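Protein chains: 2
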Amino acid sequence: MPVALYDLVGSDTSRPFSPHCWKVRMALLHKGLAFESIPTTFTAIPAIENGASSIVPVIRDGDAVVSDSFAIAEYLERAYPDRPTLFGGEGGQASARFVEAYANGMLHPLIAACAVPDIHDMLGPADQAYCRQSREKRFGQRLEALRDGRAEAREALGARLGVVRDVLKRQPFLGGEAPLFADYIVFSALQWARVTTSFKILAVDDPVLAWFERCLDLHGGAGRSVSEAPDREAA
Amino acid sequence: MPVALYDLVGSDTSRPFSPHCWKVRMALLHKGLAFESIPTTFTAIPAIENGASSIVPVIRDGDAVVSDSFAIAEYLERAYPDRPTLFGGEGGQASARFVEAYANGMLHPLIAACAVPDIHDMLGPADQAYCRQSREKRFGQRLEALRDGRAEAREALGARLGVVRDVLKRQPFLGGEAPLFADYIVFSALQWARVTTSFKILAVDDPVLAWFERCLDLHGGAGRSVSEAPDREAA
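So the sequences go chain by chain: E and G.
Per our numbering, the first sequence starts with residue 981, numbered consecutively.
Per our numbering, the second sequence starts with residue 981, numbered consecutively.
Treat the hints with care, since some could be wrong.
It does not matter which identical chain is used: a pair holds within one copy or between any two.
[Claimed, not checked] Here are the computed lysine-lysine pairs in the DSS-like style, where the Cα-Cα straight-line distance is at most 30 Å:
| # | residue 1 | residue 2 |
| --- | --- | --- |
| 1 | 1011 | 1149 |
| 2 | 1180 | 1149 |
| 3 | 1149 | 1117 |
| 4 | 1117 | 1011 |
Hints listed in this document are in silico derivations from the structure and should not be mistaken for laboratory results.
In this text, all values refer to a predicted model and were calculated from it rather than measured experimentally.
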């Protein structure tokens, strides 16, 4: 039976966008495991797997139900040791926590500042209400006001991505010669922006973009199976 | 024959202070290798090992001469595979580059902004001239002016250390249950400050400080073999 992946979507159920869910999708592909994506809206999360989790991603693999992207990656590594490794050993697993902390703490807030107004517009009515209330509380301002600060957020993001840029001078992937979960962590943060907003967060000549494109090509171009967000203003 | 470590010092040759040299010192201790520290001033670097390197650290191990802290760690891992691992596997080695890029790009400039005026004061006359010229060019201001911005640099540093703080919520070391080279990378950045300036860059209740103290205890308290920088203003 394929692994079930509860995957966050908006009103278009064919466009999963959560960075945390994308990490798990890429991890499942990396392990070569068959899986079925179950489109899940924000307000539907409490009902999945009899209330197993307040967050997505959640996977069900046989009798195992696991939530939290890193916990899922650890589960997959433990459960499928003969499949391609996600961490490249214990040191890689410990250090992937470092990459996760960097992505969550330094990238996500700035990407959210660029993308949240567009994410709001992708959602159905009940999820829109949830999104507006929770995100306006988090950012301390109206969603509409966030748009005015996008260029500044992008500039700060470009500086913080210097860490990734520096690593990519030496090796094609954060995992070394080939991608590991560390790559999927940062990839998924940028994929979140790609799928939700037409506001481009990376400069066309940024080496981080070249790496991101390499990641989009992985596993049969899985990252490209969801198209770039359309330009809403031009539409 | 013990490994020779060319180790950066100022006018007091018993106080090595370079973060890059500290990484190698900790790596040699981690591997349990006997080594001899050769105190080296900035202006003496071009003469070591017949001009082998324009930077320290440099090690000589038998016939091998290696410079650059990460290259040295890689050399030690390769040359002494039966000794305790510095990376915990290939994934850990690749990810240690990420931690290095974070430390070099996000921590070092702010620590330098806090410490460089005091580093200058530790040096002999020839090294002082080199330090003033190169660092004033890098920072675009007089060394004396840097002191005025120290509180601001410390505040920014505290925010950037959120990445480390976040990892330490889950595990006692960046390497997991035990330290790896990733720990020594960040440790050595903070040790650089500890040895060179009495300006405290970490709050007393910062979990990063508790981890730093754990690192100072490692390998027989090797990090404590050089005392904290004295308070020059109080002296």
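State the violated hints by number, sorted upward, taking the hints as numbered earlier in the document. 4
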